[in-house]
Amino acid sequence: MATGNDVREIFQLKPSEQVRRVQKTEKKPGTNSCNGISRELYGLIGNNVSTVAFNNPTYKPKLAKGKKAVNWTWRPFMNPSRDDDLTLHHWEKTRTDPNEEYRFYKFNKAISLIDFSEKDYTAHLQDSDWTYDETKYLWDLCRRFDLRWVVIQDRYEWPAQEQDRMALDRYYSINRILTKVRLTDSSQASEKAQLLASMAYDKNREIERKKNLEILNTRTPEQIEEEEALYLEARRIDQNEKKITRERENLLRLLNTRDIYGPGGPASAGLAGQVAGGGGPGTGIIIPSNSITIPSSSSSSDILAAATLPPPKKEKLIPGAYLRSQKTAPIVSTKQQRVQSTLVQLGLPFKPAMPTATVIAKWDQLTNNIVTLLDLKKQVDKLESDVKVVKMRRGSGSSGSSGLIPGSAGAGTAAGAGAGASSAGSTADGNFGVKREGMTDEAGVSGQVKKKKKKE
Amino acid sequence: MGTYGGDEVAALVLSVGHTWTQAGYAGEDTPKSVFPTSVGWVDSPPEADQGDDADNSEDTQMQDVSQGESDSNNITKKDADGGDLAPMPVGAAAVPKKKKKTLRGKYYVGDGEISCWRSDMEIKSPLKDGLVEDWDALEQIWDHAFLKRLRCDPTEHPLIITEAAWNTREIREKLTELAFEKYNFPAFFVAKDAVMTAFAAGRPHALVVDSGGDMTSVVPVYDGYVLRKGIMRQSLGGDVLSEQALMQFQSNNVDVVPQYLVAKKSPVEVGQKPVATLRDRPATASFHKMMQMRVIHDFKESVCQVSESTYNEQNITARPQKPYELPDGYNNNFGADRFKIPEIMFNPKEFLRNPTPEQENFVGLPKLIYNSAQSCDVDFRPTLFSNIVLTGGNTLFPGFADRVHWELNNIPHSYKVKLHAPGNTVERKCGSWLGGSIMASLGTFHQLWISRKEYSDTGAGIVNKKCV
Numbered sequence: 001m002a003t004g005n006d007v008r009e010i011f012q013l014k015p016s017e018q019v020r021r022v023q024k025t026e027k028k029p030g031t032n033s034c035n036g037i038s039r040e041l042y043g044l045i046g047n048n049v050s051t052v053a054f055n056n057p058t059y060k061p062k063l064a065k066g067k068k069a070v071n072w073t074w075r076p077f078m079n080p081s082r083d084d085d086l087t088l089h090h091w092e093k094t095r096t097d098p099n100e101e102y103r104f105y106k107f108n109k110a111i112s113l114i115d116f117s118e119k120d121y122t123a124h125l126q127d128s129d130w131t132y133d134e135t136k137y138l139w140d141l142c143r144r145f146d147l148r149w150v151v152i153q154d155r156y157e158w159p160a161q162e163q164d165r166m167a168l169d170r171y172y173s174i175n176r177i178l179t180k181v182r183l184t185d186s187s188q189a190s191e192k193a194q195l196l197a198s199m200a201y202d203k204n205r206e207i208e209r210k211k212n213l214e215i216l217n218t219r220t221p222e223q224i225e226e227e228e229a230l231y232l233e234a235r236r237i238d239q240n241e242k243k244i245t246r247e248r249e250n251l252l253r254l255l256n257t258r259d260i261y262g263p264g265g266p267a268s269a270g271l272a273g274q275v276a277g278g279g280g281p282g283t284g285i286i287i288p289s290n291s292i293t294i295p296s297s298s299s300s301s302d303i304l305a306a307a308t309l310p311p312p313k314k315e316k317l318i319p320g321a322y323l324r325s326q327k328t329a330p331i332v333s334t335k336q337q338r339v340q341s342t343l344v345q346l347g348l349p350f351k352p353a354m355p356t357a358t359v360i361a362k363w364d365q366l367t368n369n370i371v372t373l374l375d376l377k378k379q380v381d382k383l384e385s386d387v388k389v390v391k392m393r394r395g396s397g398s399s400g401s402s403g404l405i406p407g408s409a410g411a412g413t414a415a416g417a418g419a420g421a422s423s424a425g426s427t428a429d430g431n432f433g434v435k436r437e438g439m440t441d442e443a444g445v446s447g448q449v450k451k452k453k454k455k456e
Numbered sequence: 001m002g003t004y005g006g007d008e009v010a011a012l013v014l015s016v017g018h019t020w021t022q023a024g025y026a027g028e029d030t031p032k033s034v035f036p037t038s039v040g041w042v043d044s045p046p047e048a049d050q051g052d053d054a055d056n057s058e059d060t061q062m063q064d065v066s067q068g069e070s071d072s073n074n075i076t077k078k079d080a081d082g083g084d085l086a087p088m089p090v091g092a093a094a095v096p097k098k099k100k101k102t103l104r105g106k107y108y109v110g111d112g113e114i115s116c117w118r119s120d121m122e123i124k125s126p127l128k129d130g131l132v133e134d135w136d137a138l139e140q141i142w143d144h145a146f147l148k149r150l151r152c153d154p155t156e157h158p159l160i161i162t163e164a165a166w167n168t169r170e171i172r173e174k175l176t177e178l179a180f181e182k183y184n185f186p187a188f189f190v191a192k193d194a195v196m197t198a199f200a201a202g203r204p205h206a207l208v209v210d211s212g213g214d215m216t217s218v219v220p221v222y223d224g225y226v227l228r229k230g231i232m233r234q235s236l237g238g239d240v241l242s243e244q245a246l247m248q249f250q251s252n253n254v255d256v257v258p259q260y261l262v263a264k265k266s267p268v269e270v271g272q273k274p275v276a277t278l279r280d281r282p283a284t285a286s287f288h289k290m291m292q293m294r295v296i297h298d299f300k301e302s303v304c305q306v307s308e309s310t311y312n313e314q315n316i317t318a319r320p321q322k323p324y325e326l327p328d329g330y331n332n333n334f335g336a337d338r339f340k341i342p343e344i345m346f347n348p349k350e351f352l353r354n355p356t357p358e359q360e361n362f363v364g365l366p367k368l369i370y371n372s373a374q375s376c377d378v379d380f381r382p383t384l385f386s387n388i389v390l391t392g393g394n395t396l397f398p399g400f401a402d403r404v405h406w407e408l409n410n411i412p413h414s415y416k417v418k419l420h421a422p423g424n425t426v427e428r429k430c431g432s433w434l435g436g437s438i439m440a441s442l443g444t445f446h447q448l449w450i451s452r453k454e455y456s457d458t459g460a461g462i463v464n465k466k467c468v
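Those protein sequence lines, which keep their order, are chains A and V. Residues 1 to 456 (my numbering) make up the first sequence, in order. Residues 1 to 468 (my numbering) make up the second sequence, in order.
In short, the hints are calculated from the structure, not lab data. Ideal placement from N, C-alpha and C gives every residue a C-beta, glycine not left out. One should not assume that every hint holds.
Unchecked claim - Calculated lysine-lysine pairs in the DSSO-like style (CA-CA distance at most 30 Å, straight line): (1) V/Lys416 - A/Lys210; (2) V/Lys453 - A/Lys93; (3) V/Lys416 - A/Lys211; (4) A/Lys106 - V/Lys466; (5) V/Lys32 - V/Lys148; (6) V/Lys453 - A/Lys106; (7) A/Lys93 - V/Lys32; (8) V/Lys465 - A/Lys109; (9) A/Lys203 - V/Lys229; (10) A/Lys203 - V/Lys416; (11) V/Lys466 - A/Lys136; (12) V/Lys367 - A/Lys211; (13) V/Lys148 - V/Lys289; (14) V/Lys289 - V/Lys349; (15) V/Lys322 - V/Lys264; (16) V/Lys229 - A/Lys211; (17) V/Lys465 - A/Lys119; (18) V/Lys273 - V/Lys289; (19) A/Lys109 - V/Lys229; (20) A/Lys203 - A/Lys136; (21) V/Lys128 - V/Lys367; (22) V/Lys466 - A/Lys109; (23) V/Lys182 - V/Lys148; (24) A/Lys335 - A/Lys362; (25) V/Lys229 - A/Lys136; (26) V/Lys418 - A/Lys210; (27) V/Lys453 - A/Lys109; (28) A/Lys210 - V/Lys367; (29) A/Lys327 - A/Lys377; (30) A/Lys119 - A/Lys136; (31) A/Lys119 - A/Lys109; (32) A/Lys136 - V/Lys465; (33) V/Lys465 - A/Lys106; (34) V/Lys453 - A/Lys136.
Claimed, not checked - Label pairs and their computed distance ranges (CB to CB): (35) A/Tyr137 - V/Ser119: 55 to 65 Å; (36) A/Thr179 - V/Lys349: 50 to 60 Å; (37) V/Tyr4 - A/Thr94: 14 to 24 Å; (38) V/Arg169 - A/Thr184: 44 to 54 Å; (39) V/Ser119 - A/Asp85: 47 to 57 Å; (40) V/Ile411 - A/Glu233: 22 to 32 Å.
Chain A on its own, in the form it takes in the complex:
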């Protein structure tokens, strides 16, 4: 960044006294107190040295002059894990204790197996499929391969039968029997139960499980595809149901006609409608026709009554002094843009120019009305498109008689019902036909609203 000094330099002027002084004062702390901090860093943090100590690593290993080199010797050693006297040689640090045990001896671990004698076998462990010798052979394998069953099954070679698959079952059953027989002390009852539980092994279940796993893992791509398609379908049905219910609830809340159905009504009606609509899964959004017609079947006065705007909220008191313009009711942020564009359409500013109490009150009312209007318009659009879809599906020429086509028929009814409408001919295309002077009083808007509702 160019400083005044730079500018002076460019114009070949003498640096001003002040600048020079500043430079001097700037340099001083830098030279004095930046111990261990680079100048750039100091320029950034100044005197605010962080609490963490700066410890510049030195990468050069230092020669430890004082230390004596460790002595290593090439010496023979024996491994106590072995039962012979194999002597190997290795380098090791010169020992102080000549009888030190071989360092890796402690890693020589063997598993503990419940063992049995021939007497035990004849007493408890007789099995029609197994002989004593084969059981002993199995035990030998278990010890040799430390109970790695995959390996045991692989190496199982007993001439008589092919029962490597049953080996695990045999192992656990013998363990269970021996535990039962040997732990007779009643004080060990809980321990015994625990042990027995840990040795539970269900042969048939295991076979079944492996079989199923096998099937699962050897599916053809077509099967996998079909399965995935079905899963997606199921999910779509699930989601659509939720969406439809939610939409209907929204609509009903808006119309305040929830009490017509009673609790749980809309949802069940939605489901029933879906079934009645005959739409299979995955055919997209289905708005059942009967749920639309229900409100219109009740008297129009009910709807008009229900359609009155929600009661004004209680005024919140803001602590302290505040501007009145702050008191305008906030609009939901997702709708803000559309409300603003409507305001623009109406030729109004985003905020009232003179926020007197009455203006603000009116303004709030206006924005509320706009929000309601937009919501209703959205619903109308949706319903209309649904009606179109339904009609197209029915594909009959009787569409004219249903009276649900947006356009001339709708406009006709609107003209009849709209009490304070300043202009007719409003259709679903987004032109509200609201005049500017109409906006200040709510009648203009609510008239529109009513008109829309009537159309439904």
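Position chain V against the provided structure of chain A, taking the given hints into account.
Same frame as chain A, but now just chain V:
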């Protein structure tokens, strides 16, 4: 030192593969010595062998030692004669060899020795299908490794060797005898090469795919044990590919002339007949074949490539061609042909030319891998599929690992496939040696050695008890 569990006892690690033999010290990251497993054999040595005096003296020394061996050697020689039928001797060397207990002829071991032209030198390999067949030649290899390359005193070092997962009990016993009787190693161990490869890749469980010179094998490994029932192998390896490449050249009327025959060559245009002066060097068929194979080997290494996805002639021809020049000056640009050779590994039915009855039954490598995993316990399969380790020189074609992964994902199954293929070529070529090197330098391993005492107490059969 103790932190990584290492305890060096200066063990030797020897891995005799079909193509290469690797020897070195445990604890190092590369073998000290790598030389071809093939040996040269001249039946009656030419009088006054030039300049090999030092070798001769050493050889005779070792021959003396071998004379002291028991009659077990006799049995070996019968075996060796039976297996010798494969390389058909031609010309001067066609006289049937009558080997006696004392070696009448002379062996040549090592890269420099066997690639040197000698008119009546036969080339033979001691291994067949990963199993030792010619014990004399194997002894020569051990001699060469320990005495000429590592130049160590065998009585001072324990020895660990690697073997194929399908090695037989008899061969292992004989190897044990060899180690203790002839070389007097203080301790000995035989490890499965697949387990060692898994070890080098840092995996206790793995599906080791080893594609070497004469054989491609898939071996499931569980916690350091080979699962025998899952071993799948077929003799479709680098040598078959080389044969096929040779056939490809021949079908284009190109004679592959090895280096030893070329005296002078002059540059020619692409695809033109070579202009070269050839030497008059009569050689045995096996030697000529080996030298031809070396040329082809170099061709494969420099030009061939695997298509990363399913082979598609159109896509392949669109890819850049690569030039290659044979020793006699013939040169050409290779397009689709360079993809067709390694494609045999994946689609042998379609790409093998003139298959023998055995070769007709070959399946693609991905199928082999899949079959191997499928023959293991269903609970263990996901682990296998996510721990596939590629090793062996034949897997070093560019794109090989990608292709295996692609093909495995195309076979219908619901396992997650994860491939481990070290980018480092040394690791890929010496995987099993490396695993042996790591294992033999672990402190916890030293209790597993077969010691001389155990051997003299129990006999050679102990190897089948201790090395499982």
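Evaluated hints:
Using a Cα cut-off of 30 Å, the hinted pair V/Lys416 and A/Lys210 holds, with the two alpha carbons roughly 19 Å apart. The straight-line distance between the Cα atoms of V/Lys453 and A/Lys93 is roughly 28 Å, inside the 30 Å bound, and the hint therefore holds. Restraint check for V/Lys416 and A/Lys211: the C-alpha separation of about 20 Å stays at or below 30 Å, so the hint holds. Restraint check for A/Lys106 and V/Lys466: satisfied, since their Cα atoms lie roughly 20 Å apart, inside the 30 Å limit.
For a cut-off of 30 Å, the pair hint linking V/Lys32 to V/Lys148 stands: about 12 Å separates their Cα positions. Taking the CA atoms of V/Lys453 and A/Lys106, the gap is about 24 Å. The hint holds against a cut of 30 Å. Restraint check: the Cα-Cα separation between A/Lys93 and V/Lys32 comes to about 27 Å, which is no more than 30 Å; the hinted pair holds. For the given pair, V/Lys465 sits about 19 Å from A/Lys109 by alpha-carbon distance, which is consistent with the 30 Å threshold.
For the hint linking A/Lys203 to V/Lys229, the alpha-carbon distance of about 22 Å falls within 30 Å, and the restraint holds. Only pairs whose Cα atoms come within 30 Å are accepted, and A/Lys203 paired with V/Lys416 is accepted, the gap being roughly 28 Å. Between V/Lys466 and A/Lys136, the direct Cα distance comes to roughly 19 Å. Compliance with the 30 Å bound is thereby established for this hinted pair. Restraint check: the Cα-Cα separation between V/Lys367 and A/Lys211 comes to about 22 Å, which is no more than 30 Å; the hinted pair holds.
Among the hinted pairs, V/Lys148 with V/Lys289 is consistent with the structure: their alpha-carbon atoms are about 27 Å apart, no more than 30 Å. A hinted pair counts as satisfied when its Cα atoms are at most 30 Å apart, and V/Lys289 with V/Lys349 qualifies at roughly 25 Å. Of the supplied pair hints, the one linking V/Lys322 and V/Lys264 holds, its CA atoms being roughly 24 Å apart against a limit of 30 Å. Of the supplied pair hints, the one linking V/Lys229 and A/Lys211 holds, its CA atoms being roughly 19 Å apart against a limit of 30 Å.
Distance hint between V/Lys465 and A/Lys119 is fulfilled; the C-alpha atoms sit about 28 Å from each other, no more than 30 Å. This hinted pair checks out: V/Lys273 and V/Lys289 have alpha carbons roughly 22 Å apart, not beyond 30 Å. A hinted pair counts as satisfied when its Cα atoms are at most 30 Å apart, and A/Lys109 with V/Lys229 qualifies at roughly 28 Å. Distance restraint check for A/Lys203 and A/Lys136: the Cα-Cα separation of roughly 20 Å lies within the 30 Å cut-off, and the hinted pair is therefore satisfied.
Between V/Lys128 and V/Lys367 the CA atoms are separated by roughly 24 Å; this keeps the pair inside 30 Å, and the hint holds. Restraint check for V/Lys466 and A/Lys109: the C-alpha separation of about 16 Å stays at or below 30 Å, so the hint holds. Straight-line distance between C-alpha atoms of V/Lys182 and V/Lys148 comes to about 16 Å, which keeps the hinted pair within the 30 Å bound. A distance of roughly 19 Å separates the Cα atoms of A/Lys335 and A/Lys362; the hinted pair therefore holds under the 30 Å criterion.
Between V/Lys229 and A/Lys136 the alpha-carbon distance is near 23 Å, which keeps this suggested pair within the 30 Å criterion. Note on V/Lys418 and A/Lys210: the hinted pairing holds, with a Cα-Cα distance of about 23 Å set against a maximum of 30 Å. Restraint check for V/Lys453 and A/Lys109: satisfied, since their Cα atoms lie roughly 23 Å apart, inside the 30 Å limit. With a C-alpha separation of about 22 Å, the suggested pair A/Lys210 and V/Lys367 falls inside the 30 Å cut-off, and the hint holds.
Taken as a hint, the A/Lys327 and A/Lys377 pair is honoured in the structure, with Cα atoms around 27 Å apart against an allowance of 30 Å. A distance of roughly 13 Å separates the Cα atoms of A/Lys119 and A/Lys136; the hinted pair therefore holds under the 30 Å criterion. Restraint check for A/Lys119 and A/Lys109: satisfied, since their Cα atoms lie roughly 29 Å apart, inside the 30 Å limit. Pair hint A/Lys136 plus V/Lys465 holds up; C-alpha atoms about 17 Å apart against a cutoff of 30 Å.
This hinted pair checks out: V/Lys465 and A/Lys106 have alpha carbons roughly 23 Å apart, not beyond 30 Å. The suggested pairing of V/Lys453 with A/Lys136 holds, with an alpha-carbon distance near 28 Å, which does not exceed 30 Å. Take A/Tyr137 and V/Ser119: their Cβ atoms lie about 59 Å apart, and the range 55 to 65 Å holds. Look at A/Thr179 against V/Lys349: about 56 Å separates their beta carbons, and that is inside 50 to 60 Å.
Separated by about 21 Å at the C-beta atoms, V/Tyr4 and A/Thr94 satisfy the suggested range of 14 to 24 Å. For V/Arg169 paired with A/Thr184, a C-beta distance near 46 Å keeps the hint of 44 to 54 Å intact. Judged by the Cβ atoms, the range 47 to 57 Å given for V/Ser119 and A/Asp85 holds: they are separated by roughly 54 Å. At about 27 Å, the CB distance of V/Ile411 to A/Glu233 agrees with the hint of 22 to 32 Å.
Against the hints set out earlier in the document, no violation occurs for any number.
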